[in-house]
Amino acid sequence: MKPLKLTLSNFGPFLNETIDFQHIKDEHLFLISGKTGSGKTMLFDAIVYALFGKASTEGRNEGDLRSHFADGKSPMSVTYEFKLNDKDFKIVRQGSFIKEGNSSQTAGKLDVFEFNPQNNQYELKESKISTGNNFIKNLLGINAEQ
Numbered sequence: 001m002k003p004l005k006l007t008l009s010n011f012g013p014f015l016n017e018t019i020d021f022q023h024i025k026d027e028h029l030f031l032i033s034g035k036t037g038s039g040k041t042m043l044f045d046a047i048v049y050a051l052f053g054k055a056s057t058e059g060r061n062e063g064d065l066r067s068h069f070a071d072g073k074s075p076m077s078v079t080y081e082f083k084l085n086d087k088d089f090k091i092v093r094q095g096s097f098i099k100e101g102n103s104s105q106t107a108g109k110l111d112v113f114e115f116n117p118q119n120n121q122y123e124l125k126e127s128k129i130s131t132g133n134n135f136i137k138n139l140l141g142i143n144a145e146q
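Its first residue numbered 1, the sequence shown is counted upward by one per residue in the working numbering.
Among the clues, some could well be false.
[Said to hold, decoys possible] Only pairs whose alpha carbons sit at most 16 Å apart, straight line, appear in this in silico EDC-like list of lysine to aspartate or glutamate:
1. Lys-128 / Asp-111
2. Lys-5 / Glu-126
3. Lys-83 / Asp-26
4. Lys-5 / Asp-20
5. Lys-5 / Asp-26
6. Lys-2 / Glu-17
7. Lys-5 / Asp-88
8. Lys-83 / Glu-114
The hints are simulated quantities; they were obtained by calculation from the structure and are not laboratory data.
I would like the entire structure built from these sequences, with the hints used as guidance.
Laid out in structure tokens, this is it:
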């Protein structure tokens with residue numbers, strides 16, 4: 001799997017951030033560096049969350065991933081675009097949360113897209129959490145614990 005783009009909204013310390021991995025050349029390594037607590041591990045948590053709906057860090061639950069800086073009306077979401085077996089995919093996962101002023105929880109969402117080079121657009125493959133999770137697991141051949 002080759003990461004292409006990672007977009008974070010209200011995730012960890014990031015309110016609205018996009019990392020475009022396509023600027024990294026194929027033959028080079030890249031380093032994620034920063035001070036302690038600056039959000040390096042959260043980037044890996046974001047990728048694992050997009051793929052599997054959980055953090056890469058043991059003990060962090062979905063509520064721990066939501067930014068403390070987020071307003072009470074906006075959801076936490078991660079959009080992860082990647083290439084696998086010469087195909088491009090995009091996963092958009094939105095966490096469940098309680099909107100400011102409401103007592104009931106807004107459900108999470110998951111959309112899985114595959115890029116169609118014929119029309120140069122992403123096409124929706126799955127739009128339910130359960131079937132989307134199965135699609136991703138079958139696509140990757142692994143689960144979050146692996």
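Hints, verified against the model:
| no. | hint | result |
| --- | --- | --- |
| 1 | Lys-128 / Asp-111 | holds, 7 Å |
| 2 | Lys-5 / Glu-126 | violated, 20 Å |
| 3 | Lys-83 / Asp-26 | holds, 13 Å |
| 4 | Lys-5 / Asp-20 | holds, 5 Å |
| 5 | Lys-5 / Asp-26 | holds, 15 Å |
| 6 | Lys-2 / Glu-17 | violated, 19 Å |
| 7 | Lys-5 / Asp-88 | holds, 11 Å |
| 8 | Lys-83 / Glu-114 | holds, 10 Å |
In the structure shown, a violation is registered for the earlier hints numbered 2, 6, in ascending order.
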